[in-house]
Amino acid sequence: MRRWTVRTHLAGLVALAAVACARGEHAPAAGPAVTDDAGRRVALAVPARRIVSLLPSFTEILFAIGAGHRLVGRTAWCDYPPAALAVPSVGDGIPPNVEAVAARRPDLVVLYRSGQNATAAEQLERLGIRTVLLDLNRLEELAPAARRLGVLTGRTAAGDSLARAMDSLVSQSPESPTPSPVSLVFLVWDNPPIVIGAGSYLDRLAGLAGARNVFHDIAAPSAQVSIETIAARNPDFIAVLSDTAAPPRYAGRPEWRVVPAVRKRRFLFLPGGLFGRPGPRAREAVRELRRRLDTTP
Amino acid sequence: MKYVVLAGAALATLAAALLVGPANLPFADLPGSAIVWQLRLPRAVLAFLVGGALGVAGTSLQALVRNPLADPFLLGLSGGAGLGAVAAIALHLPGPWALPLAAFVGAVGAMALVYRLGLMGGAELDPRILLLGGVAVGAFAAAITTALVSLAQATELRNAFLWLWGGFSGASWTTVLVMLAYAPLPLGVLVASARPLDLLALGEEPAQYLGADVRRLKRVVYLAASLLTAAAVAVAGVIGFVGLVVPHLCRLVWGRLHRTLLPTAFLTGGILLAAADTLARTVVAPRELPVGIVTALLGVPVFAFLLRRWTVS
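So the protein lines, in turn, are chains A and B.
Quick note: the first sequence uses our numbering, first residue 1, plus one each step.
Quick note: the second sequence uses our numbering, first residue 1001, plus one each step.
The hints are simulated quantities; they were obtained by calculation from the structure and are not laboratory data.
Think of the CB as a built atom: it goes at the ideal place given N, C-alpha and C, for glycine as much as any other residue.
Warning: the hint list may mix true and false statements.
[To be verified] Covered stretches of chain A (in silico footprint by chain B; criterion: 3 or more residues with CB under 8 Å from a CB of chain B, positions within the stretch not fixed):
(1) 223 to 230
(2) 247 to 258
[To be verified] Computed, partial: chain B to chain A, Cβ under 7 Å:
(3) A1034
(4) R1066
(5) R1116
(6) S1169
(7) E1288
Extracted from the complex, chain A is given alone in its bound form (with noise of 0.2 Å):
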């Protein structure tokens, strides 16, 4: 009697516990979910309230869909908008010191998709801490982008209209509105020279601003050239991340003055915190480099 009692408890136990199952099996599909750019579903249960943000694209975008208050960790070179640097720093971000990004206990950590940060998810993954991993290296992914954070922290609207902003500037205009533009190189190093291809997001801005990559069929984000392929595709302006306006210390070098832009000074200095990363202020960017292109003689 006593043990078939104990049976017929078990019993019961074993269906509230199957039925459990089946409801919690349910559940995560009422929260936010997203495929992301690693080909992961990533499904909360809420939308995310303590996010971890690995790139200051992101955390850009999350403050312009107006999800910033739910920071709770950025990197060092997080620094717009100035509310970000109130958001605690969990180091520079490359490779993610993933003790310091657990210890913030984020229920969302965004990553920049790259090998070392397909990594880092898998270790917080392990954790129990839930990461989405996103590209960004062209002007075409912010959109992307925005929707699925704007998913994620239940700001759907918010990343829908940031995303359309984002999609109406890129498609906004033709390669070359005039025709026949003013060209640019985007010089991020000089010895060796390397060189800013079809691949950034720097591209697609200078073709916006109507001007004209010089080394747009180089389909990588960026490349090593020489200075005589620079010579002889013979830009107008040499573009720059600089946040001074001092020439560049190359600039009076015999090789490099084979260049007519460098030996002219026909340089754009163009500030790293607007130019340095594809973000919201895209708009900006592109006005921004339109008026130093007319104002540079």
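Go by the hints and put chain B onto chain A.
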């Protein structure tokens, strides 16, 4: 005869370096073009000089440590140069010459340390201690370099490594003049040591009996070869392979006498590196390959072929 062949090959290589390039200049425009005079010619000459210097330095060091695996960069020089270059960027040293000078100072510092290790306890530059000391000093310098890079948080440091991987993008008449003014002294010292280096191949004691001042010879050769390599690092970064393979190539083809070996190693190294640089800047245009990749791609098959012929006969 061999000098005529080598000189011919050297001239052909230099001519090719002047004629071809990513800019596709029409032939008639070549003589007056700044691209030829300011870019192609100094670059080709510098590549030739650096290749020659590395060939000679490699030959002498292999003779000195009596080890076929010796490479001018094995004795801690590349690690020291890397540390110097990264420190220059991390400390924001100003001026266009800060990076090469710092790399030179780093390489010479590493060399001095290995040299000191080699003299400890009356070891008198024992080849084994030189090799082990070189590897250890190199590893130590590399560790400090990596620590600097990971702690300093400057994106520019990544570019210090790009520079260090070697190449002739920064070639100008100034760098050619620096090399022309600097290289003849260590080169002359090494060529003058050709005969005692031959004796050293017999072993230190027999060389001593045959009249070589082994103690002095080892010190002089070590210092001259290292200073030559340090200069090559300063103007072109670390270019591997030339200093390892060119000596073997020349030994297989022209025999073991250093009187022939050193000049042929200079010409062969120069030809190999100038040709490799021409390919590096043209084959994937508009992009450019790091020259070290091309030297390995060119040198390894030739080397393997020679090794095979040598082991068969």
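Outcome of the hint check:
1. 223 to 230: holds (count 7)
2. 247 to 258: Satisfied; 8 residues make the cut.
3. A1034: With a minimum Cβ separation of about 5 Å from chain A (threshold 7 Å), the hint on B/A1034 holds.
4. R1066: This hint is violated: B/R1066 lies away from chain A, its Cβ roughly 37 Å from the closest one there, beyond 7 Å.
5. R1116: Violated. Min distance 32 Å.
6. S1169: Hint holds; B/S1169 Cβ to chain A Cβ min 4 Å, cut 7 Å.
7. E1288: B/E1288 check passes; min Cβ-Cβ to chain A is 5 Å, inside 7 Å.
In summary, the numbered hints that this structure violates are 4, 5.
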